[in-house]
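Student: Chain residues, written in single-letter form:
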Amino acid sequence: MPTIEVSISDFESLLKEKVDQEKLETLLEKVKGEVKDFFRESDSVKIELNDTNRPDLWSPEGVVRQILPATKPWSQAYPFFSDAKKANHQVDISKEVSSVRPYLAACISRGMTVTEPILEQLIQTQEKLADSFGRNRQMVSIGLYRLQKIKFPVKYQLVDPETTEFVPLGFETPMSLKKIMTEHPKGIEYANTLSGAERFPILMDAMGEILSFPPIINSRRLGEVEVGDSELFVEVTGTDLRMVTLALNIFAANLSDRGASIEPVALNYSEASDFGSVFQTPYNLSEPVDVALSELNQVLGESVDLEEAVSVLEKYGLIVKTEGEKITVNAAPYRDDLMHAIDLVEDFAISRGYNSFTPDMPATFTVGALSQIEQFSDAMRGAMVGFGFEEVVSNILGSSEDFIEKMALDSDKSHRPETAIIEIENPMTERFSLLRSWLLPSLLRVEGSSSKAFYPHYIFEVGEVARLAPDTGAKTETKVHLAALIAHPGANFSELHSILETVFGRLSTPYELEPIPHPSFIEGRSGKIMVENQEIGLIGEINPEVLDAWQIGMPTVAFEIDLEKL
Amino acid sequence: MIDESALSNLAEGLHPLEKQVLRLFSEKESIDPQALVEGSGLKPAQISSALQWLLAKEVISVSDETENQIVRLTDIGQKYAEAKNPPLRMAEEILARGEVPIRELQQRRDMEQEEKSRAIGALKTKGVVEVVPGGAFKISDEGKLLEFRALQKVIDGLSLNGNVSPLTDFSDQDQLIIDANHRKRSPSKGIFRVDAEVTRTYEKTNLFDPLFQKIASEKVIETLNELTPELLKEGSWRGKQFRKYNIQLPPSRLTGGALHPYKAFLDQVKQKFVSMGFSEMRGPLVENEFWDMDALFMPQFHPAREIHDVYFVKDYPHDETIDKTVIDRVADAHENGGESGSRGWRYPFDAERTRRLILRSQGTSVSARTLGEGAESPGKYFSIARCFRYDQVDATHAPDFFQVEGIVLGAEIHFRTLLGLLTLFAKEVALAEEIKFLPAYFPFTEPSVEMHVRHPKLGWMELGGAGLFRPEVTGPLGVDVPVIAWGLGLDRMAMIALGISDIRDLFSSDLGLIREKQHISSKINR
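So the sequences go chain by chain: F and X.
Counting in the numbering used here, the first sequence runs from -5 upward without gaps.
Counting in the numbering used here, the second sequence runs from 14 upward without gaps.
If we strip away everything but chain X, and leave its shape as in the complex, we get:
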């Protein structure tokens, strides 16, 4: 048995509708919602809500549940109730006029095109009409019209009944007609709709009577449904009670503003680099071969520069803004080393080709531009640059992707500070304590390093590549201090952070998927 205070709480939390329903049924044993509507002054939806709430509070329980097929007239059906179904409507006109030209039937305005052709087709195939010379219809057998009249009778009957009736109210014959013309079956949009509806009857639980007595006996203190500006102004809320809410009911859903989870990850990376003293650098999406490759001492005959490795801009436009003297110095470096002390690649440099536009293939082009525009020394720079690579798009290759790259320059830069910086990245960006350095090859750095780290979740993984820019890179760009170039591969970390296994999902266009990934964590997560 429920204790007194719980009962009071329950009573105080009742909605006015719930109280009304309690009163209406206090005398009865079984509760039929249908019977309740009449004479109560309440709408069916209000009754239904109150019953749901009382059910949740276990004041009533379901005693019986039956499923009924309910037939309704659709919008089209209601239209036909007013103007008759199209074949019948046409046939009656033909009957009245004797003959009607087919053209005229086809052009009538009171039906949709589809309804007209369907109706004409039906009248012909059922043998109701025949064509007379001159392209007109006349009725050949009025008896065949019976089918359409029967249909109309069902429509009219249903319409009279407020457009709704239980399926069981119809004769077997009428049920067949409904079946042939309801939304699922009928090839046209459907005249009838048949839905399964559950009707329930309820009975009182042993909470009902004590609760009812409680509310019947309670002093009539007016309960307030909501607080309004007027109540506040007049102060008339004093001495009254507020109806208690059931605050445990599930609320309605809401969307909220949020940053994209992948961008939020990149924001953290950005923040990391700024906190380590790095300045952001930027470059254009459409690069030229000069900054993307030539300035980086990649020879023009390098295999990675062929038509199947780089995207070219249509019709090969040339960038006219590159400083000719810088091109000349880079050309010398390629051809014979120039002033860099190198022997060069020993081939004739094509100074026109170098201006050709391509889609940025590597973030290092942004570093080259920064050096060419006069980077500060000592200086640290980073960029998160969108790059394009000629690859088949699949679970590990997106059509375009972000590369995290940068440079560090200064008189004190050497191979060991390069390793020191990479160790810092491993700790700060990948939370890795263990790190391994391996010799690597990049055309623009020497010595070159590959960094492998033990990530707390991923185990040993390649985190990035780095090296000291070759003198053939820095010299022609007018840089006279050593420069570290580094790049990190963070997409695998991002995918783990976001719980996805297909790289294309980083750029998903499915809002549902994006919403699933919008987590807020109280912990530092990277």
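With the rest of the complex left out, here is chain F:
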């Protein structure tokens, strides 16, 4: 979720109103925004924008645009989205860029003089759109230039990275594109955006001067916008035409909100794109979305009339037409998030305010119940408490040291099911890189950390474990186990055996113990718990090697049962 840092006074001048923190919090409900830090003294506020589908809101201009009730349709407020005005500038897009970074959109901004706060804001918006929306410039990146120095038409083409050179921002001398990729900080940071490409994209003006090397870096002479500039050339390049166009539309709307007059740029593609081969941007990519009044009312549980529906949606900045009870909406071309009628329903609810809806209770009766396994788990937990055991609850993730080495399972030769451990492909740390395949390591971890707690220790856990199950379609299985552990100076097999006997007595389930060697237990003092000739668990005295590994200084004995096999 993007967080933007905004100058409070800049925000207030866009809003044409003073705000305090509380007022701002209320206003931001309309844009799913949250105030993070509000510092009047340093004239700064951080705003977190939660809607990842609305990049148009990731700037103070965008936030204010949505907060203020619309007073006129967007087609009048932002006339440059219609084709009426003919473009005076052109960019030629060569055929070969389609293999690397196929799309470009551009516009001209005049009449807005860049000030220090405006420049900061332009750079932030540029970064948010390129990094968050454009996936670290992979899909979208934006460049700003000083218009007067550029001779049109500009050409967007591929060049040889070794022989092409220019002076990039932040440097004094010409560098080849190849050198920029290995020595310029931006080249290093965004190297993967061009991985695999043999020839690199550049923008070059009619005099043959390079504007920029997208998506890496602008030229120092043409592409360094400064305070005082008032005529800008804006371009967006990327790999997805809709995204590229949307980012340009957002940028154009933002500049317009600050008083700029936006002029279109004609794009001359050598192959037809989804928008044609010759078209101009900003481009109206808005598509009408319909919602029936009845659907709106059904989803909201309201009885809104057509007039209210239209006025509430218009207030939210949408162009609304009706035909009978069918409502057709055109969103402004800086929005591309309306996929379904349901999205209009939410726009309506937000525009009218969530707290204008009266909560209502569903009237139908339903019967509640715990799952079978949860009821059984709870009964077993009650039984264990009755035997004097204290319950513990542990994390499921652990390390191979915990789950394999300390359990001596690396010496297992009989392919015990406990060794079917699920590993994480991309762990964040080695400490949490495996899922527990049984509960015993969790109980031993507790025992190893509790030598200072008054003895005797009678502990148990009921919880989920997961194992690889390569022979099944799902490839893994999740099971609910019960494990119990006793540790005190006289703890031994027969004490725990008595408890196991009583547990199975209460379950009215006959069981048998079948001796097995198991690396985690003392040989000759461990066995499989068998019910109807099927292994359902293990019991035994813990191997002193294992106790040592967990730094347990007491004789320890444990059993573990798969509750789903009972």
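Check before you lean on any hint, since a few could be wrong.
[What the hints assert, rightly or not] Calculated Cβ distances over 12 Å to all of chain X for the following chain F residues:
{"id": "1", "residue": "Ala64"}
{"id": "2", "residue": "Ala260"}
{"id": "3", "residue": "Glu317"}
{"id": "4", "residue": "Pro353"}
[Stated by the list, open to error] Which chain X residues face chain F? A few, computed with CB under 7 Å, are given here:
{"id": "5", "residue": "Ile15"}
{"id": "6", "residue": "Ser265"}
{"id": "7", "residue": "Arg266"}
{"id": "8", "residue": "Leu272"}
{"id": "9", "residue": "Gly290"}
{"id": "10", "residue": "Glu293"}
{"id": "11", "residue": "Val299"}
{"id": "12", "residue": "Ile320"}
{"id": "13", "residue": "Phe325"}
{"id": "14", "residue": "Asp332"}
{"id": "15", "residue": "Lys337"}
{"id": "16", "residue": "Thr338"}
{"id": "17", "residue": "Cys400"}
{"id": "18", "residue": "Glu425"}
{"id": "19", "residue": "Phe520"}
{"id": "20", "residue": "Ser522"}
Read the hints as simulated data drawn from the structure, not as lab findings.
Note that the structure is a prediction, hence the values are computed from the model and not measured.
The beta-carbon is built from N, C-alpha and C at its ideal position, and this holds for glycine as well.
Please build the complex by placing chain X on the supplied structure of chain F, with the hints as guidance.
Tutor: Just chain X now, kept in the frame of chain F:
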């Protein structure tokens, strides 16, 4: 002065041992426990207990207290009393045989490996022995052996004295030897142990004489120490008195069975939802991308699905059990909206990737499964699901954690019933009366709501998020009624209920800490 009835009570409560001690000392002014042992037929521990009890009853008081250093032979020391200390033992053998090969010394069985190497080292550095050709020791200066003989003399003396003596009984020289070889100083395990022991003498308080007269004058009614099956069978307890206990003495400690406090909290949550008519649903810890994300209309290019946001299972196994026709419908919804009336995300859906196994990243996957398996309508469902998120583990992030989530479906479900249900949760689960609804964003719900409540202890807090599942979610899963999806964040409430500030302590492996949190309350607490 103590009144008569209190005195009787006191007398009746005396343990037989206490009475014996009273009698033994009735003639004396000062009480020296040491002197009491002799001739009394009682063990020192019995005397000591009786004196403690009488002290607690204020029948006697402490008149003098001295601290003495007591020297004891450790187990090792006692071993050396029998077989001599290792350097001396070796030296004497060398003396007797003239020469002894070093190898042989190293292989002798009567000492630990560490004792042997230490002894050989000591004999060499002190200059007692020298190496002769062929790798054997012979004694070079028997005079240097004096140190080890002196040590042995102290050991033997102490052994003769029953292994215990006050430190003051030793000469200054011997005290230095003890100091060099006692447990704390000595690099080896130590021959001596020196403990500070307090010796007390007691005197009678003004309760003593009246109490003694009371017991001396009382009719000799036999008092019974304990009731036995035999006494009951024979009825011979009749006409006798039971010795009275001091029931105010602190008892010994006990552990007791108990549910884990966090699980007990979650049990209450479970109970709440069942009482509100919700059925529990469950799902696997290891999910696939389909149920965890794709079925929830999260596009495959969504940033929250990248390698640094979700845990993948090693080697990327694929789940083969997902119904192909359901995958196809979900794929259509992603690509072009399918039959949902949506325009879709407009990208090519990867039907292989959707089967990849991941660790469940959100409890909503359980809801998706429940819908896919045919949920009842009207129906209410909840789950408390363990989830895994790619986060740095710290005071606010556990490596895995419980999410409380669920769905409500039915023909009458709409935005206002969603708000109604959330209001119910706020009251029932968080005991909150004030509630605020804010617009929110989740990829799978529209409209989406965030619920903030005023908790009685925590103040305003975000309690959860909810919304109506998008048609692109319900349609492909064959659900034709509106569905509310909701999730609650209860960990902060649990932490307050348990009085902890680090989320990792919810899963603490310290039994001592867990025991501290085991409270029983007579009040309804959540």
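Student: Could you tell me which of the hints above the structure violates, numbers in ascending order?
Tutor: 4, 5, 6, 15, 16 and 17
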